[in-house]
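K.L.:
Each chain, letter by letter, is given below.
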Amino acid sequence: MENEKKTQSNDTRTFLQHLFKMKTAQEKQVERENAPSYRSIKTSGMTLVIKEGRANVKQLEAIQKVSHIVGTVLIYSFLIFMAFIVLFPFYWMVITSLKSTTEIRSLHQTFFPTNVLWSNYITVFNSFDFTTYVGNTLVVGIISTLGTLVTTIFAAFAFARLNFRGKDVIFAILLATMMIPGEMMVITNYITVSRLPWYEFGIGKVDGWLTYKDSVFASMIIPFWVSVFYIYLLRQNFKQIPNELYLAAKVDGKSDWQYLWKVMVPLAAPTLISIFILKLMGAWNSYVWPQLVTTNNESWRLVTNALRGSFTTTSGEPQYGIQMAATILVTVPLLLLFIFFRKYIMRGVGRAGIKG
Amino acid sequence: MEIRLKNLTKVFPGNPKKGIPDTIAVNKLDITVPDGKLMGLLGPSGCGKSTTLYMIAGLLEPTDGEIWFGDEDVTELEPEKRGIGLVFQNYALYPHMTVYKNVAFPLTNLYLEERATTPDETKRALIKRDYVLKLAKAKEELKTLRKAGNKAGCEAKKAEIITLKAQQELDIKAAVLPQNDSEGKPVMKRRHLTKDEIDKIVRETAKIVQIEPFLERKPNQLSGGQQQRVAIARALVKKPKVLLLDEPLSNLDARLRLQTREEIRRIQQSTGITTVFVTHDQEEAMSISDEIVVMKLGLEQQRGVPQEVYNNPVNEFVANFLGTPPINLFKGHIKGNKIYIGDEMVREITEKNVPDQECTVGIRPEGIIVDEKGPFSFHVDRILTMGRDIMLVADHRSAKSNTKFVVDSFVKVSVGDVKASVKPHKCFAFSLEEGKARII
Amino acid sequence: MTSETTTVNNNQATKKANPIKAFFKKLFTPKERIGADAGEKNNWKAWLYLAPSLILLAVFTFYPLINTIVIAFLKNYDYTSQVSEGFTMDNFGVVLGLVGKTGASDIVYKWQCIYNSVTKTWSYVSGAGSVQVYFQTDVINYALPNTLIITFVTVPVSIIISLLISIGLNSIKAFKKFLQTIFFVPYVTNAIAVGMVFAVLFDYQGIINFIFNLGASPWVDQAAPTWKAMIALCIYIVWHSLPFKILIFLSGLQNIDKQYYDAAKIDSAGKWKTMMNVTVPLLSPQILYIMITSFIASFKEYTSVVGLIGMPSTDGGGTKNMYTVVYYIYDQIKGNVGYGAAAAVLLFIIIMIFTAIQFRVSKKRVYY
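Here the protein sequences come in this chain order: A, F and D.
All residue numbers for the first sequence refer to the numbering used here, where the first residue is 1 and numbers rise by one.
All residue numbers for the second sequence refer to the numbering used here, where the first residue is 1 and numbers rise by one.
All residue numbers for the third sequence refer to the numbering used here, where the first residue is 1 and numbers rise by one.
Calculated directly from the structure, the hints in this document are not laboratory data.
Model, not experiment: these values are computed from the prediction.
In this text, a Cβ means the ideal position worked out from N, Cα and C, and glycines have one as well.
A couple of the hints might just be wrong.
[What the hints assert, rightly or not] Stretch by stretch, here's where chain D covers chain A in the computed footprint (C-beta under 8 angstroms, at least three residues):
#1 178-191
#2 323-334
[What the hints assert, rightly or not] Below, computed lysine-lysine pairings styled on DSBU-like, alpha-carbon distance capped at 35 angstroms:
#3 D:K273 / F:K207
#4 D:K45 / A:K167
#5 D:K258 / A:K239
#6 F:K296 / A:K58
#7 A:K167 / D:K300
#8 D:K258 / F:K195
So that you can see chain A by itself, here it is in the shape it has in the complex (with noise of 0.2 angstroms):
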């Protein structure tokens, strides 16, 4: 019975491969059998042959030498290319913050401007308060920047090098938070900052050592003292540094906090710097937090707060001078830093990606 079934199946299968005209293993094994064979191609007198085939070798090398060299300008002519639709905008900020609005608004686009025009930098510092917002932002970004460093040095520190029970899990469950996106956060972290006491201190009094505006910058600088990545980030750092030092320093008789202090922390400055750089970046581009927490009062915002809206008369027509003029002082100092730790940035960028 079950060997009635098979041969039924198998002629069902190999009546359907004739059908669709597939080949059964039998014909495949005959035809492999029969398939030029290793020794046959080299007595048969079949070659294996690059592209270009039995071309001699004159030939070969000159179609070697242009394809080389119309290799090497292709792809410099893309990266170029690239780099400069990567740079355009930038150019373009500049030259419109120097003309004046019609100049902008004419029909005919210039790509140099016609009156170069410094007024609109006069107009944004007249106007804009300029120096309040960055002052702001200042105070926001060092404060929050010093106390990432610190927690961040501790956190590190107590995962590197320091064992405790439920270390990994713990560990495990920090780098879990990482994927939770923020907005997850938001929400509740705007009702806690909203409802914690120092809020009440003061609002509309002056009495008790924390003002409004002393809880509003608070609120925007302490959700942000710890920051799950730095802490990955300085561990590895941390990591590096080899055990024995820790040995050496225990023996010494030097105490954990003077071994971090003494030793780790130096070992890891350019780490430090990056965290330090990067973190403040993140205050000066910052944007959905504050803007959140500050809705009452417009004076204490941050630089970024301001840009946007800024200079649209009162008919709702953007003033792009102007505006390209504050950005490109909001941008500046940003390059700036880019150009003098251009390093630290983009390692501490890059650590990113090393561990997937």
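Position chains F and D against the provided structure of chain A, taking the given hints into account.
P.N.:
For chains F and D alone, coordinates are given in the frame of chain A:
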């Protein structure tokens, strides 16, 4: 395919600002590797042998000189176009591909050149007619078998029909007329290899190097020796004119080394590919090469059949490099056509007249015969029984370093002063001047 | 060939269980535990070091995570007074456009309503008569599709472009560092600030219209058709995301052993073949990482819309045709927090699903 290196030179530019001079890695090398032979490039680290190999491969450009494959000057040719196989020291197997894909990869980049053909219609019609008859007959037989209820016979008959059909297709395909161009020369066309052809060639190559069981594994699942063989298979699969091996055995353990070098020799002889391999192990080079070239600091020291180079080293370096244990060197001099070590005359020179001079005397370990009346004396410190023979670790006041002698196992010798005579052809004298050329 | 399995003699295990167990336990504990502390296996001081980070994380990450999920299920949650009207699934319904609001109560499900295609309104027939129902369509009509379009357009495009640039950069010698620096510049800029620059570029009377002469309608100003604004937005997002990708790919490329390229040359592989069969597979860990992070980032796209357009619509505020999911969430914070929380939870779920899918797919194709 004969390989010819003419005046091959490679200079790595230094940095004049930092005071790093130019390095001459290979210095006017002139070598011919005959077709189908296995040549070993031998030398210590830094002697330029790997550099030479990479220049033959095309991965490095020579500063000067020419490289010829047969009658073509390939010096300027890119490695892709040279048609060689290279086995890297670290194997360089693509880690993300299975062994099968690794070996098949070269084949997917090459083309098969074959005679362009046109179908031969008349012949095909004839074949079709033939097969129609055969198939009809077979089908009749199948019918009768089925009626008779002969299950086994049915299966066999069906298999026969399938074979017939396959055969018919193949015969039809084979019935072609070769094409000639207007001048009567054959027209060649190039095409990619079909999957089946690639499969066949890969499996055959796998059989030669014996890696068939691993074809579906990834390189990181294989041991060092197995990876080695996969690398060899990948180099061989495209049937190259030239096979190059860069220190193929240096990453293997001792036992595997012996086994693998025999395999390399076997493969080379069965396929007949001209092979050059690079090594710093003289035993390895001597045991399997047809010819060896000894190199030092980019210069060729000596070239020849291994036994010849061993028996007649051209200078002290070559004599020292070949042979385990190494040749024993002593301070000596030549006087009156006789070689002396200290006061002892170890050999008379009969071949020619040699001026009196200070020299270094080299005696091969196997070059002494324990002899009470012998002129040469030394102090044996230890006797090591090797089973096959006996090694004497000895001491001699004129010796440049620890001396070792090897004698047959039945020789009776004990620790202490021993006298011996020296076999003349195992005793060499080297000049003290630059190059340490052999005097006699 | 010899198989390389080791056999453990199980007979012995039953007799001498404890020593063997202890031995294996010691063997398999991570190296750190054995050597690092010189005896201190449980350093309570570590908790002191961790305390600041953990407290901050607890307040600003762990608690919010749970709290947001809870809020998503609360009806009409008022956060100042912390009063809600009880648990409900309706927030999700509202966000997805399945639950509508009438003037008075807002528990009306879409299947209970009748659609009038003439007036394009939904109405609900209750005992008191027919009431018009308002469905929250911004997410379903605009936010979700926009976000999906942004994701599935910008991620592949930016990955391919940055891959080509990285491979090109890796293969040249002269000016390499210089070009590398140029390509990194967009990263150090302010997303909003540069968005405004792009707004100038794409202005109706701006340079793009001038060069390409396509200006029948504006790109990002008011009265811009949605598809044009989306194109401008996607171009901006791709432009802004190139530097990070290029940096990661470049460092990955530099870690590929040169020998593989040599081997490919010997194997007669041309430039394209080498790229597809050697370079890209060996770069696959980085490609996977970039794919996952880019997907997640583009699902959360918000600042680019603010930077480029300034508001979520290009038709004077009539409809919110340039909404993204996150834009909706932030808008709802000042409105009904429950809806925002529900949208955030939905976002989280979508991201997790996509990430899981990507991990699944990557198992076969990524080589470490």
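K.L.:
All the hints need checking, so say for each whether the structure fits it.
P.N.:
Outcome of the hint check:
no.: 1; hint: 178-191; in the structure: holds (count 13)
no.: 2; hint: 323-334; in the structure: holds (count 6)
no.: 3; hint: D:K273 / F:K207; in the structure: holds, 27 angstroms
no.: 4; hint: D:K45 / A:K167; in the structure: holds, 13 angstroms
no.: 5; hint: D:K258 / A:K239; in the structure: holds, 28 angstroms
no.: 6; hint: F:K296 / A:K58; in the structure: holds, 34 angstroms
no.: 7; hint: A:K167 / D:K300; in the structure: holds, 31 angstroms
no.: 8; hint: D:K258 / F:K195; in the structure: holds, 29 angstroms
In summary, the structure agrees with every hint in the numbered list given earlier.
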